[in-house]
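In order, the protein sequences belong to chains A and B. Mapping of the first sequence onto the numbering used here: residues 1 to 529, in sequence order. Mapping of the second sequence onto the numbering used here: residues 1 to 149, in sequence order.
Please keep in mind that the hints were generated in silico from the structure rather than gathered at the bench. Even glycine gets a Cβ: it sits at the ideal position worked out from N, Cα and C. Just so you know, nobody snuck in bad clues.
Listed next, the stretches of chain A that the computed footprint assigns to chain B, with coverage defined by at least 3 CB atoms under 8 Å from CB atoms of chain B: (1) 98-109; (2) 176-185; (3) 197-209; (4) 316-324.
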Amino acid sequence: MQGTDVLVIGAGASGAAVAWRLATAGIEVVCLEQGDWVDARAYPHWRADWELHRHTDWSAEPNVRRLPQDYPVNDRGSVISPLMYNAVGGSTIHWSAHFPRFRPSDFRVRTLDGVADDWPIDYATLEPHFDLNDRMMGVAGIAGDPAYPPKSPRQTPPIPLDTLGVTIAGGFERLGWHWWPSDSAILTRDYDGRRACVNCGPCDLGCPIGAKASTDVTYWPKAIGAGARLITRARVREITLGADGLADGVVYYDGEGREQAQKARAVVLAANGIGTPRLLLNSRSPRFPDGLANRSGLVGRNLMFHPYAMARGVFDQPLGGHRGPIGCSIISQEFYETDPSRGFVRGYSFQVARGLSPIASANGGSVGDRVPWGREHRRAYDERFDRTITVAVIGEDLPEADNRVELDPELADSSGIPAPRVTYRLSENSRRLLDHGIARAREVLHAAGAREVTFNPLLRAGGWHLMGTARMGSDPATSVVDGAGRCHDVPNLYIVDGSVMVTCAGVNPTSTIQAIALYVADGMIGRRA
Amino acid sequence: MTRARLAAKRDLLAAVLDTLVPPSAGFPESGRLALEHVLAVADASVEAGDLLARAIEAIEAAGGRDARRFAELGADQREDLLRRVERSAPGSFDALVRHTYDGFYSHPATITRLGLEPGPVQPRGHRIESDALPDLGRVAASGPIFRRV
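Extracted from the complex, chain A is given alone in its bound form (with noise of 0.2 Å):
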């Protein structure tokens, strides 16, 4: 067995910009991820039943999908459903490339507003690494948004907002409201090898031309080109430790289900914030009888998604809703800070995002008002099909210890391998922040025209985002990994998927993720020198 300087584990959005970035420093890299690669050619874009396959082969949910190289979660102690993707890309395939980054104060949570914990790093420090992301991602986008401060220029120009866009932008206007076309990590225009979007709508099942910047079009090649070495259907059962007490590799199952050994000399892991935790706790041992790295007892808690609430306004007039990239249109920030006034603290983003597909009309979407069946069907349709905008109102999850990652005592993937139990309940302040945000996506929803508004005030299918479950911080008592994204307990496993995140800010934090695996990366190659 040939050992590595580096083993990352996971091919998603942070294993893979880890992966490129040593590579690319001369950095023997191996990475394992239990998925494949995904060819371009079975994406059901491709096939004109394309929207049934969103709830079955396509579903983000793996507990509905059950993929081959799926591992089942149980979430039945959860208010919310966690999405992700096995294969090279990760949940990049899926996501829909919304591609905000956190702001300054998001990092400095506990100094401004009293609560949960700052971050060990800042914006500041971020910044290069969000820039070097963006043109590795490629970002369309505006300039001058005066919600961030300056950001250097976008790749390519924004995402058309189309009538759609342009009618819920008349709304935040009439308001007086900020509003901006999304950061969004969708190419407008050819750009580093990569297609401009031809805006046939689904980005949610992937991308079969590559003009949404999943990392198997991204990073990945590069990685490659750089020396990395990807092996695909590679399940790892544990983390490994040398007799020092150090991570000396795994234990992984490959494509034919044989165990097999990589030693590596330091150890990423970028499995997401369900995926992490799993593994840490898989990895027990006598030096670690509860997890590996797992001293605090920190593994797996303070899981925070990102819990949405969906308001949706119905229109006279007809949209286009079904032309352009279904999750990126518009970002409002007018209600992200606190304001105590509000009587919660943090605060949110409204997620315009495009308007419903046939089916989704039909069945009621994020909303999930299904239209009636029967003689009210038609006209019911009618007024919906076309004539609809969904306002997301993506809300700032405070960290709370009792949210979190365990195993699962009966429940395992098809290798064996315990299966993760997520236990997830809605804290009351994310309750008041959500109801805020209905109210007020209800006022930009009229405001723009809409003549009736309906909501949902939870989405349970919304676990799009894993974060907190092996947090970052400066004591070893409090937080699983240093500011520097090494596990306290064992300097050489690092850290760089969405766990290491110590709040999770009102934005999508896909942008964040790859900042801090690039950073993490920059002190790894550093420390080498």
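Got chain A; can you put chain B on it based on the hints?
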């Protein structure tokens, strides 16, 4: 097996689907467009097939003799019967409605009637006439809204 249970009641199933999604002026397509999809779902998944078969069996049980001549009933009577089943067997009826909508609204004839082009969304994509942005001047001029730390 479940497909066989459903297929044996194909005529009843088609009439039920037409009641769930009736034809109307300007939109003559009706729920039976979803028939093959519903049968395919029953074929592909034991769990889904069992739910669908139970829905049809519940309709039969609720309708008694009427179920055999369901298609001949008036629209009011057919809806009344299905409303009773919706209350008595909500889980299986919900599955029936969902799969009916899935099949109906993915059918090329329906897509065409909705004014869209049926078929794969790639490679054709969609044309967006203008990528012009509304004026961002007011927002940009409002100044920073992030907290400096």
